[in-house]
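Visitor: The chain contents come next:
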Amino acid sequence: MELEDTGVEGLLTTREQSMALFADFTAEGVGEARRTECRDALVHLHLPLVEHCARRFRNRGEPYDDLLQVGTIGLLKSIDRFDPDRGVEFSTYATPTIIGEIKRYFRDKGWAIRVPRRLQEMRMMIGAATSELSQSLGRSPTPREIAERIGVTVEDVMEGLESSNAYSTLSLDAGGDGSDEGGPSMLDAIGEDDAALEHVEIRESIKPLIEQLPAREKQILLLRFFRGMTQSQIAAEIGVSQMHVSRLLNRTLEQLRESLHGRA
Amino acid sequence: MTTRSDVELRVPADTAYVAVLRTTTAGLAARLDFTLDDIEDLRIAVGEACAMVLEQARADGDLHATFDLGSGELSVTVSADADAASEPDKDGFAWQVLTALTTRASAEVTPDAVGITLSMKSALLD
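Chains as they are written, first to last, in this note's numbering: chain Y, 1 to 264; chain U, 1 to 126.
Chain Y with its partners taken away, still in its complex shape:
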């Protein structure tokens, strides 16, 4: 990354380099070899832009490297479509395309199985309506209230909720992937509450099993079953959706059940 340490002067050079390369890249009568060379150089030159865009989507459960990769596809599309005569900065032109590519990746990749777009959108509308209504009502909404808010039937809402089970659970550990740039993971965002949990009486029989759980699952399990918080409250405290809490709880109980079986 020779570009990383450049100051203002270096940035100007980047822009100038970019303009020169685009001039060659788009000029009439330039040989195919030179065009390819320019394209490669342009990709190289603007990779930091992709890194910048991809960084905004860290902590959402997809590997940073994958985001870089799809972001680079966006960059390639931008380079091929960019018209330097329009007088727009390349970075201004490319950023929406790169971000669009990353967003599309999330939209397509977030689902464990292929769910029709209609249901994906329904799920998102339910999610939005749920948090709005939870705020205004001061409690978890009913499917009917959600249906009225979105303007669909209760059956549609239930269908959307079922389909959300197909949405792959993004790990709360996502984010801090061990790389030097790894920002705080969602797990780090979870407030420390161990002191309060210490007073909780956990039955001896399951203590070793709970101890073996990953920290996030343990936290959610304890909050739900030993501190009596609702899924919505846990969701608010941890900063994830209630549906996500529900999925994690389900999975954790399943794991506990399996390990209890294994020991029996």
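The set of hints was computed from the structure by calculation and includes no laboratory data.
Remember, it's a predicted structure, so these values are computed and weren't measured experimentally.
Just so you know, even glycine gets a beta-carbon here, dropped at the ideal spot from N, CA and C.
Worth double-checking, as some hints may not be accurate.
[To be verified] Sample of chain U residues facing chain Y (criterion: CB under 10 Å; computed from the structure):
{"id": "1", "residue": "VAL11"}
{"id": "2", "residue": "ALA16"}
{"id": "3", "residue": "GLY27"}
{"id": "4", "residue": "ALA30"}
{"id": "5", "residue": "THR35"}
{"id": "6", "residue": "ASP38"}
{"id": "7", "residue": "GLU40"}
{"id": "8", "residue": "ILE44"}
Given the structure of chain Y, go ahead and fit chain U onto it with the hints provided.
Guide: Then chain U, alone, in the frame of chain Y:
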């Protein structure tokens, strides 16, 4: 009361069918205007109850589920034929989960059947 209506479901005593019962529970709870929190809790509780019942169920038997729909209250009973059934461990974690998630949980054990009944009152009743 006369407003009560019932739903009954019989599926093979196999964990693969537990999802059907969980989904049915959620659908019925939605009809009764339970909140999402309650619905998700019930869904988990029914899954847990099924797991407990299936532990003792005869492999070739059936898993019965009956749903009593009251106003603002839903009771679910899951039961299965069993050989030499025994009372579920009420000190165990699974039972603790059931009682934490529902308004009331009870077990009915006869020598050849085991059943668990869960009731939940809608949070909107108070």
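Visitor: I'd like to know which numbered hints this structure contradicts. Please list them from smallest to largest.
Guide: 1 and 2
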